[in-house]
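Participant: Protein chains in written order, with the working numbering: chain A, 1 to 151; chain B, 1 to 151; chain C, 1 to 151.
Worth flagging that the hints you see were computed from the coordinates, not collected in a lab.
It is possible that part of the hints are untrue.
[Unchecked claim] Capping the alpha-carbon separation at 16 angstroms, the derived lysine to aspartate or glutamate pairs in EDC-like fashion look like this: (1) LYS58(B) - GLU63(C); (2) LYS28(C) - GLU77(A); (3) LYS44(C) - GLU77(C); (4) LYS60(A) - GLU66(B); (5) LYS58(C) - GLU63(A); (6) LYS60(C) - GLU50(C); (7) LYS28(B) - GLU50(C); (8) LYS28(A) - GLU77(B); (9) LYS60(C) - GLU63(A); (10) LYS58(A) - GLU63(B); (11) LYS60(A) - GLU63(B); (12) LYS60(C) - GLU66(A).
[What the hints assert, rightly or not] Covered, in the sense of this in silico footprint (three residues per stretch, anywhere, with C-beta under 8 angstroms from a C-beta of chain B), are these stretches of chain C: (13) 73 to 86; (14) 117 to 126; (15) 131 to 145.
[As the list claims (entries may be wrong)] Which chain B residues stay away from chain A? Per the calculated CB distances, all over 12 angstroms, these: (16) PHE55; (17) ASN56; (18) ASN78.
Cβ atoms here follow ideal geometry from the backbone N, Cα and C, with glycine treated the same way.
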Amino acid sequence: MAQTIVETLLENPLFRTYSFYCSVLVLKMMSMSVLTGLTRVKNKAFANPEDAKNFNVKVKVNEDVERVRRAHLNDLENIPLFFLISFIYVLTNPSVFLATNLFRAYTIARIVHTIVYAVVVIPQPARGFSFGVGLFITGYMAVQNVLYFLL
Amino acid sequence: MAQTIVETLLENPLFRTYSFYCSVLVLKMMSMSVLTGLTRVKNKAFANPEDAKNFNVKVKVNEDVERVRRAHLNDLENIPLFFLISFIYVLTNPSVFLATNLFRAYTIARIVHTIVYAVVVIPQPARGFSFGVGLFITGYMAVQNVLYFLL
Amino acid sequence: MAQTIVETLLENPLFRTYSFYCSVLVLKMMSMSVLTGLTRVKNKAFANPEDAKNFNVKVKVNEDVERVRRAHLNDLENIPLFFLISFIYVLTNPSVFLATNLFRAYTIARIVHTIVYAVVVIPQPARGFSFGVGLFITGYMAVQNVLYFLL
Chain A
1 MAQTIVETLL
11 ENPLFRTYSF
21 YCSVLVLKMM
31 SMSVLTGLTR
41 VKNKAFANPE
51 DAKNFNVKVK
61 VNEDVERVRR
71 AHLNDLENIP
81 LFFLISFIYV
91 LTNPSVFLAT
101 NLFRAYTIAR
111 IVHTIVYAVV
121 VIPQPARGFS
131 FGVGLFITGY
141 MAVQNVLYFL
151 L
Chain B
1 MAQTIVETLL
11 ENPLFRTYSF
21 YCSVLVLKMM
31 SMSVLTGLTR
41 VKNKAFANPE
51 DAKNFNVKVK
61 VNEDVERVRR
71 AHLNDLENIP
81 LFFLISFIYV
91 LTNPSVFLAT
101 NLFRAYTIAR
111 IVHTIVYAVV
121 VIPQPARGFS
131 FGVGLFITGY
141 MAVQNVLYFL
151 L
Chain C
1 MAQTIVETLL
11 ENPLFRTYSF
21 YCSVLVLKMM
31 SMSVLTGLTR
41 VKNKAFANPE
51 DAKNFNVKVK
61 VNEDVERVRR
71 AHLNDLENIP
81 LFFLISFIYV
91 LTNPSVFLAT
101 NLFRAYTIAR
111 IVHTIVYAVV
121 VIPQPARGFS
131 FGVGLFITGY
141 MAVQNVLYFL
151 L
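In isolation and in its complexed conformation, chain A is listed as follows (with noise of 0.2 angstroms):
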């Protein structure tokens, strides 16, 4: 029956709240295509020749837009990672407070790192930080993994 695996998976209430960070995330990462668009139209600063074509304008680099870029780039080195780890930290059978907090505060760090890096540029330490918190939280499951699996 196509119940039962959905049934157990959503019995374990870790895996909801993953489900839930997770999809948020996801968001998140989509809107900076949306904001790459706009950043590029704003701009009149395009990467094919076939789209400068249209606003009548060659193919250019822009500083704005090249910063929301790095801003995803980053997003792509980082949260995909998340989004494995943190699965197969769930199936470590983790104490469900430390896990539900570790996924909300990583899921505001890496909003926080968008804000700080390509809509209202702050100067730093504000993206190192939250930068930082990403990556020590990822870190931070990926060895108690390994360790889990290897003992």
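Since the structure of chain A is already known, use the hints to place chains B and C on it.
Facilitator: Quick look at chains B and C alone, frame taken from chain A:
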């Protein structure tokens, strides 16, 4: 027994559909690496000095190579999000008919996106449309997931 | 009960192997972020004006930094696909011996790839070979998955 989880997951027809389309999308993404390599050799445009040396050329940037790389990066920004979001979506017990067609439409849209972006360049809105279909499907499922696990 | 799914998954020895190697690969990928940061500081080559300012330099591009970034991007293009494809591969009930060795070989190949690309640059075909091993393993499992779920 090793069988249990395997059997349980495979009993769910949507998991089978999910696994099939995701594997197709992975092969599609892998083909981008191969296409980049072929385009680099064809245009003798390499990013690493040690590669350029083998062809007695200097490191250079080539627009055809960059186009393939942009298409590839666009895949990286979008398809892994689909992998996760559609997995979680399966857990929300959606209509099998709807979910199957969303997975199918997404896969087709991304294959079309690659073709019109990097293989046979076709004027807009072909690329924008196929990108938009993919974005809309992922966004729809992500919002459904957030609502499902929030409530 | 929260136990059910956890116990079920952990009863499968391949899931344990999968979880272990994936966690190692995540730590390897995270080390690329750290390596990029260290290489940036060492060469005082930053992408953001606010970072360069802290070191009283201007934004600049450095070949050593770019090399680490290319290695990192190559990881992003390949390893997340392995995460998904090997998860699905476990569901196809493969030989435990074969799957374990594929996971192990993949992990070693990717670590070697990073070392010969970004740490101690070694002439080709070291990099091409380690890349090829990874691509072949992912491709093999992807094709197996497609055939398994197609039929």
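Participant: Could you run down the list of hints and mark each one as holding or not?
Facilitator: Do the hints match the structure? See the list:
Pair hint LYS58(B) plus GLU63(C) holds up; C-alpha atoms about 14 angstroms apart against a cutoff of 16 angstroms. Proximity of LYS28(C) to GLU77(A) is assessed by CA-CA distance (about 12 angstroms); at most 16 angstroms being required, the pair is judged to hold. Between the alpha carbons of LYS44(C) and GLU77(C) the distance comes to roughly 27 angstroms, so the proposed pair goes past 16 angstroms and is violated. Taking the CA atoms of LYS60(A) and GLU66(B), the gap is near 14 angstroms; set against the 16 angstroms cutoff, the hint holds.
Proximity of LYS58(C) to GLU63(A) is assessed by CA-CA distance (about 14 angstroms); at most 16 angstroms being required, the pair is judged to hold. At roughly 13 angstroms between alpha-carbon atoms, LYS60(C) and GLU50(C) fall within 16 angstroms of each other, so this suggested pair holds. Of the supplied pair hints, the one linking LYS28(B) and GLU50(C) is violated, its CA atoms being roughly 39 angstroms apart against a limit of 16 angstroms. A threshold of 16 angstroms between alpha carbons decides the hint, and for LYS28(A) with GLU77(B) the separation of about 12 angstroms falls inside it, so the pair holds.
With a C-alpha separation of about 13 angstroms, the suggested pairing of LYS60(C) with GLU63(A) holds against the 16 angstroms cut-off. For the proposed pair LYS58(A) and GLU63(B), the alpha carbon gap of about 14 angstroms is at most 16 angstroms, so the pair holds. Distance restraint check for LYS60(A) and GLU63(B): the Cα-Cα separation of roughly 13 angstroms lies within the 16 angstroms cut-off, and the hinted pair is therefore satisfied. Simply put, LYS60(C) and GLU66(A) have alpha-carbon atoms about 14 angstroms apart, close enough for the 16 angstroms limit, and the pair holds.
Residue count for the stretch 73 to 86 of chain C with a Cβ under 8 angstroms from a Cβ of chain B: 7. That meets the three needed, and the coverage hint holds. With a cut-off of 8 angstroms between beta carbons, the stretch 117 to 126 of chain C has 3 residues touching chain B; three or more are needed, and the interface restraint holds. Only residues whose beta carbon comes within less than 8 angstroms of a beta carbon in chain B count, and the stretch 131 to 145 of chain C has 6; three or more means the coverage holds. The Cβ of PHE55(B) lies farther than 12 angstroms from every Cβ of chain A, with a closest approach of about 26 angstroms, so its non-interface assignment holds.
At roughly 30 angstroms, the least C-beta separation between ASN56(B) and chain A is larger than 12 angstroms, which holds for a residue marked as non-interface. With a closest Cβ-Cβ approach of about 7 angstroms to chain A, ASN78(B) is found to fall inside the 12 angstroms limit, against its non-interface label.
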